[in-house]
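Participant: Spelled out from the first residue to the last, the chains are:
Number of protein chains: 2
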Amino acid sequence: QSKKQVYNFDSSSHHGLLITNKGLELIKENLGTIPLFDKSLAQTKAEIDAIIVEEIEVPIPKDMAGGYTHTQHKKNYDVVQKAGVLFQIYGDEKYATYIKDMFMEYAQMYPKLPLHPETRSYSRGKLFWQCLNDANWLVNMSQGYDAIYDWLSPKDRKFLETKLFKPFALFLSVENPQFFNRIHNHSTWGNAAVGMMGLAMRDNQLVNYALYGLPEDSIDANAVDNDGGLIKKPGQDAGFIANIEEAFSPDGYYTEGPYYQRYAMYPFLAFSVALENTVPELKVLAYKDSVQIKAVYALIDLTDSKGGFFPLNDGQKGMSFYNNALVNSVDIAYHYGSKDPELLAIAEIQNEVTLDDAGLAVALGLKRNEIQPYQKRSVNFTDGPKGNQGGLTILRSKEDSDLELVFKYSAQGNSHGHYDKLSYSIYENGDEVIPDYGLARFVNINSKNGGGYLKENTTWAKQTIAHNTVVQNETSHFNGDFKTGSSFHSQLHFQDLSNDLIQIVSAREHNAYEGTEMLRTVAMLSPKEGMKPIIIDIFKLQSKNANQYDLPFYYKGQLMDYSVDPVSESILKPLGTSNGYQHLWKEASAVTNSDLSKVTWLHNNLFYTLSSKTSVGDSLLFVRQGANDPVFNLRREPGIIIRKSNARDAIFVNIIESHGTYDAVTERAENTESIIDKIDIIQNTGTYTALEITYKDDNSNLLIISNLKADSSEKHSLTLNGTSYSWEGPYYFINR
Amino acid sequence: QSKKQVYNFDSSSHHGLLITNKGLELIKENLGTIPLFDKSLAQTKAEIDAIIVEEIEVPIPKDMAGGYTHTQHKKNYDVVQKAGVLFQIYGDEKYATYIKDMFMEYAQMYPKLPLHPETRSYSRGKLFWQCLNDANWLVNMSQGYDAIYDWLSPKDRKFLETKLFKPFALFLSVENPQFFNRIHNHSTWGNAAVGMMGLAMRDNQLVNYALYGLPEDSIDANAVDNDGGLIKKPGQDAGFIANIEEAFSPDGYYTEGPYYQRYAMYPFLAFSVALENTVPELKVLAYKDSVQIKAVYALIDLTDSKGGFFPLNDGQKGMSFYNNALVNSVDIAYHYGSKDPELLAIAEIQNEVTLDDAGLAVALGLKRNEIQPYQKRSVNFTDGPKGNQGGLTILRSKEDSDLELVFKYSAQGNSHGHYDKLSYSIYENGDEVIPDYGLARFVNINSKNGGGYLKENTTWAKQTIAHNTVVQNETSHFNGDFKTGSSFHSQLHFQDLSNDLIQIVSAREHNAYEGTEMLRTVAMLSPKEGMKPIIIDIFKLQSKNANQYDLPFYYKGQLMDYSVDPVSESILKPLGTSNGYQHLWKEASAVTNSDLSKVTWLHNNLFYTLSSKTSVGDSLLFVRQGANDPVFNLRREPGIIIRKSNARDAIFVNIIESHGTYDAVTERAENTESIIDKIDIIQNTGTYTALEITYKDDNSNLLIISNLKADSSEKHSLTLNGTSYSWEGPYYFINR
Ligand SMILES: [Ca+2]
Ligand SMILES: [Ca+2]
Ligand SMILES: [Ca+2]
Ligand SMILES: [Mg+2]
Ligand SMILES: [Mg+2]
Ligand SMILES: [Mg+2]
Ligand SMILES: [Mg+2]
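Protein chains in written order, with this note's numbering: chain D, 2 to 737; chain X, 2 to 737.
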């Protein structure tokens, strides 16, 4: 374990955890003339002024999340943090006194506190049922302590540090190494809490534990957490720096997805800013090519056009860049980053700033009208600490239309990952079109399993069939085994996001099903200049064995039309018995021929069509979620499954179009029909796949994919139907 | 048939169908300074200027609605109407020339035209498949003709009138009495078309046909239209005046509901305004106590808080006061009514005015900032021409909350009526909470039965089980027989919308099921000052026979919690075989005891609870729409059916609460539980029903309903559990 003694605080006054001395001067200078900061400050002042006249309540810990004692301790740390800000800005001692009184009550109680009575956590806390919440408490309290540090008498400081803060920090670190000494967002919170209190206390030991981990932890090599995740690989580094290293890919992508990244960002940035303000020579924000700042951009880029995070892995839908953690992240990325005027556009939508140096900088930038529109473009993220564990591509349409496709070929995503290799979801105007189910949980809703994960998260939401990707033989990727899934990742084959005619990405997965190679290529292109783009999806499989392949497309809305002839079920039965199939009702099914099979639906007054190039003997299954759901945990959303039976090699070619509109006020329906006339698979070998797509106006596109070689300078030539084509790079596309 | 010769036009210039001469002066005076008028005018000018440079197309009629010739003829009349406006305002002859050229092309074609080739209408048109559309054409063309009348040479006028307009008007009247001489919205269009062209042509014969009907029609007493509606009762008056008389209740309610009223209002008001402008002494808008103006207010009051019409009868959801017909109605009601500043608030939301005297008046009112908020209050509408055929009550919450309940105890509603006696639907913030299914049709969406009514409109949407009201023995009201249903109506028992503590309405239905008397009382009340109100629903049945009673509550959203213990179905079967039951999947069922049965769901991040006072042996059925729906015509929406089996007399007491919130960004859930602790039915006799509702804070309400006597001065006294109560009027309520 490399130990670095970087801290040697002098005893002079400093404030680094909330507002710096320099920031404070600037705030005082500008107060009353910086609308967004003034507004946020007024809100906080009104809120806190109303609270601090009430009696302080520090109850003996008892309840789970949602219960009284849990909520009260949460409220307490929130109030202390905000009162600290107000004390710094206004200098009114009522805030300092309130904070001190609160601290004193905790200092009375803490030394005698046993572990929290609720036993279900792998790391039980004292104030809360899990150390994680205790760490949230300490992060906020460290900020409050920092704010009143100079105001407190040395005697009070000593009392508080001895009775409360140091024991609290040691509890979260040396007494709970399985919580503190991991590469995990829990540990990031633990590290930040201990490190920030260390900075506030000028305690070099705590800061060093936080930055570089505990030198000893004796964690069992097989120990797992409540999610079944391994606590620690032998020999793995721990501490804050190691967590920065391991948490983000070089592009700033967080393997658990944006929902968890949002939660994880706060301790990363709060501690980093505290370090930046107190030990700037550590350059913690510049670490790993400024990956924490990149991560803030990644978070924004991982939102739909209404600001909602794409619900990757166990992400709860509805979480968005309006969350407080994102206000904090955006302000920090602006102030400690490059003062990017595009970030001001996000801050303006958030309509709130943090009450610190960063929030001030944003408010000043907005006041000076330096704002520029935030340009969300198609973007590619690598996954894995080194960026070599697959990734994620977002295709975004240009100009007038607002289509987004999120293609996932990443690593497993830790315990929050889903078996969703090569799956994608589609959004239009920020609304789901081809959704990812998200998670099966109602966070903090007590009646749904106390707000915790539902059984259906495992039996449905994580399963492959819950995603828009191929399922082989009705089993999930890696047989749904977390350990196996965690040891593999998909691979980018190629991508090109800079071609004006077509945006294209291709990725492969060879491990999800042993002996089966999967290559999926997804492209967004406009059939004609100025037209809304369509999505072309080529899913190629090659296997040693004959298999059943199912490719589902979940959709939102109501079926309007289809070219097939479905037989509907008079009694609904589950589609299968396990791996998520038990949760699907089969509503109808249709056999297909070698033509196009089209299905059109209406959602949000927009018409969509899935055009599927099917073969004789394929079938279309019309399914709906909700079977074997005795307590109504699942949404009743529909899907179409394209099934190929007894196939060794197979190719699914699908086109998704957003083509028409309905206006319920004028009752006008426009462009209600798909413009796709034909899809011809001209060639499909191990080496090349060539498609011709013909539109009803007789225009057509030719798309050739190099299935093996992805080098952009590689020369290819191929003769198709007597015409020879030559090109460089992994694909060829023409509009004709 | 009473004939009145009221017209004797002089030959001097007049314009009465679009803009009056006086209006034109005012418009010219104010142009450029009346923002909303200027904007609407600029939009129209831009639209028409782009169209009139194209070649005029007057194709030989061939297509159905949605097809080319249909759409083109529609477009033509729309352009002529707007070009007429532009010619009047700008005086630019290019508009007049365009209109004249268009007229000439029609005049060439019309004399040789046979009936439209499509034969499915009971009144086939010539330009369109039905006379109704031909009448739409003539209304608009009469306005265009009026606009250029003075500009045309007498020779051209004579030619157009002889070849086109008079024959067209006679075709719609004397040649199609079954279309023209009815009490029906088709006839209103026919009357307006013929009358307006009569006014434009100064043709007394046409105007008199329009106002008072054809003197002779020889309509078969058994003739029916395409909806199965009787064409004409023997001896019934016809013509425009009779249609005004019969179409609206004295309160302005239109028995078919707001969706059809919106469509019907245009010809009523267009012709009335034309008459008002040309023959003001007729005072047509003052007719029947200004019922047409009242009808405009009724239309607005029949919208939810987002402006969408409540989907009564065959109403398509999404239709709203943003519709053009409502822009026209609101402007006319403002200008020809009392210049009500509250109407300006609607006009402002519509963000558009008509380009005529009325629209000018509105734009001027808005410019002068005379706008007042439109106050939507609880309101009661009678149904039937004389106001004695039941009615409809809308309960609206006051102050901070935005709950609306629409209780329907009206007449059948003609061929568009549903078997929905004593049903209600509930809205919050303009969104459905307890929805009415609406109609099963996708208007103008070709892939859904050509945009026409779907089979499921009859088999599901009209059936009683599709509504939130009691179904006896799995049969619909009146056995689903239109003729029987049309000969009865429910009856208001009492209502009180002016009590600060409680808003209450009670209505009875004795004919829907022979031998069964139904009395439903619905109240909205706040359990405590400042709290969002709850809805109390008491449905009392008395029957000669033992029956099964089903009371469904359809809801939006997802189940979160319940106090019962449902057994869920591993295979879904339809709940029944007919009368709509065949379209419900039974997902689960629970038996109840004599406690409260509670079901809580989440919708739009709001928590709702249905608390049902059930008896031993009652059951709760958890159902979902969509069984026996082979072409996916139905939405998959859920419902809870409370079933009482083998009961002669029965009482359903239900409370619906909107009590909690969820915030997906902060992940905070608040007030997730119902506050109802107990419902006690203290007394339930033929004479009185007394309820005590106890809340979890031990407050309670006592509500006593007089089941027989509704007189507000009637004195009652009753002893309940040893306490005696005395009061006046049909109900007693205290908060304690
Ligand atoms: Ca082309
Ligand atoms: Ca109780
Ligand atoms: Ca009370
Ligand atoms: Mg996933
Ligand atoms: Mg997923
Ligand atoms: Mg109805
Ligand atoms: Mg209905």
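Think of the hints as simulated: they come from the structure by calculation, not from any bench. Quick caveat: nothing in here was measured; it's all calculated off a predicted structure. Be a bit skeptical, because a hint or two may be false.
Note that identical chains are pooled: a pair holds if it fits in a single copy or bridges any two copies.
Using 25 Å as the maximum straight-line C-alpha spacing, the simulated DSS-like pairs for lysine-lysine come out as follows [claimed, not checked]: (1) K164 to K76; (2) K289 to K340; (3) K318 to K557; (4) K387 to K284; (5) K340 to K307.
Participant: Would you mind marking each hint as holding or not holding in the structure?
Facilitator: Evaluated hints:
When the C-alpha separation of K164 and K76 is checked against a cutoff of 25 Å, the pair qualifies only within one copy, where the shortest distance is 22 Å, while the shortest distance between copies is 83 Å. With identical chains, the CA atoms of K289 and K340 are at most 25 Å apart within one copy only, with a shortest distance of 19 Å there and 69 Å across copies. For the homomeric pair K318 and K557, the shortest alpha-carbon distances inside one copy (15 Å) and between copies (18 Å) are both at most 25 Å. Within a single copy, K387 and K284 get their C-alpha atoms as close as 20 Å, which meets the 25 Å cut-off; across copies the closest is 84 Å, which misses it.
For the identical chains of this complex, K340 and K307 are intra-copy neighbours only, at 23 Å inside a copy versus 41 Å across copies, given an alpha-carbon limit of 25 Å.
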